[in-house]
Amino acid sequence: DIQMTQSPSSLSASVGDRVTITCRASQSISSYLNWYQQKPGKAPKLLIYGASSLQSGVPPRISGSGSGTDFTLTISSLQPEDFATYYCQQSYSTPTFGQGTKVEIK
Amino acid sequence: EVQLEESGGGLVQPGGSLRLSCAASGFTFSSYSMNWVRQAPGKGLEWVSYISSSSSTIYYADSVKGRFTISRDNAENSLYLHMNSLRAEDTAVYYCVRDLYGDYGSVFDIWGQGTLVTVSS
Chain S
1 DIQMTQSPSS LSASVGDRVT ITCRASQSIS SYLNWYQQKP GKAPKLLIYG
51 ASSLQSGVPP RISGSGSGTD FTLTISSLQP EDFATYYCQQ SYSTPTFGQG
101 TKVEIK
Chain H
1 EVQLEESGGG LVQPGGSLRL SCAASGFTFS SYSMNWVRQA PGKGLEWVSY
51 ISSSSSTIYY ADSVKGRFTI SRDNAENSLY LHMNSLRAED TAVYYCVRDL
101 YGDYGSVFDI WGQGTLVTVS S
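Residue numbers (the working numbering), protein chains in the order written: chain S, 1 to 106; chain H, 1 to 121.
These are computed hints drawn from the structure, not numbers from a lab.
Be careful, since some hints might not be right.
To be verified - Short derived list, chain S residues pointing at chain H, Cβ under 7 Å:
1) Q27
2) Y32
3) A43
4) L46
5) G50
6) P80
7) F83
8) Y87
9) P95
10) F97
11) Q99
Said to hold, decoys possible - Some chain H residues near chain S, calculated using beta-carbon distances under 10 Å:
12) Y32
13) Y59
14) Y95
15) Y101
As the list claims (entries may be wrong) - From the derived model, a few chain H residues whose C-beta atoms are all more than 12 Å from chain S:
16) G16
17) R19
18) A23
19) G26
20) S56
21) S71
22) Y80
23) N84
24) S85
25) E89
Backbone N, C-alpha and C fix where the C-beta goes; we use that ideal spot for every residue, glycine too.
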């Protein structure tokens with residue numbers, strides 16, 4: 001299986017901050033990388049697919065980039081509703097997820 | 001509105017069985033591949049199983065292979081997960097998930113609210 005490693009595991013940030021989360025694959029996955037947001041007690045929500053394509057309804061302050069083994073999720077100006085846990089997922093082969101990155105209020 | 005609603009979770013003893021169901025509405029169920037994804041309490045997400053739109057292709061995670069069976073009934077807009085020989089490590093919230101499977105592989109765009117399975121004596 002392809003292993004996905006996210007960093008950091010958690011971070012503290014303030015409203016308005018620029019936040020970057022990194023996801024690294026154990027082998028090249030081209031652009032087969034998706035990002036999800038999960039709030040406590042809720043199901044995950046698709047944010048980004050194909051490494052950089054924004055899912056319908058997701059605000060443009062959220063963006064994704066990368067290819068091969070290294071990927072980034074960026075929130076350009078953190079809003080109160082963005083405090084959540086974020087997961088990357090590779091769709092190159094049998095799906096696997098990163099361990100998650102919890103974004104907390106500073 | 002596009003919706004997925006799981007049911008069938010509960011408390012079961014180790015070695016027991018359970019069948020989860022997922023009712024789909026608001027979209028053409030028979031056109032989409034579907035998955036089960038689970039999340040142990042306080043842990044991350046783990047993909048469990050995939051079934052293609054026509055049931056011709058099925059995959060399982062190694063952790064459940066030989067114990068779990070995925071199936072679907074397109075006439076009833078329903079997805080199922082039959083779980084046998086349950087273990088404590090199968091304790092999790094189980095999500096029914098729609099798959100956009102295509103140019104970008106398995107992309108999980110619609111999730112149900114989840115159903116909790118607890119395996120304990």
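List in ascending order the numbers of the hints, as given earlier, that are violated by the structure.
1, 6, 7, 12
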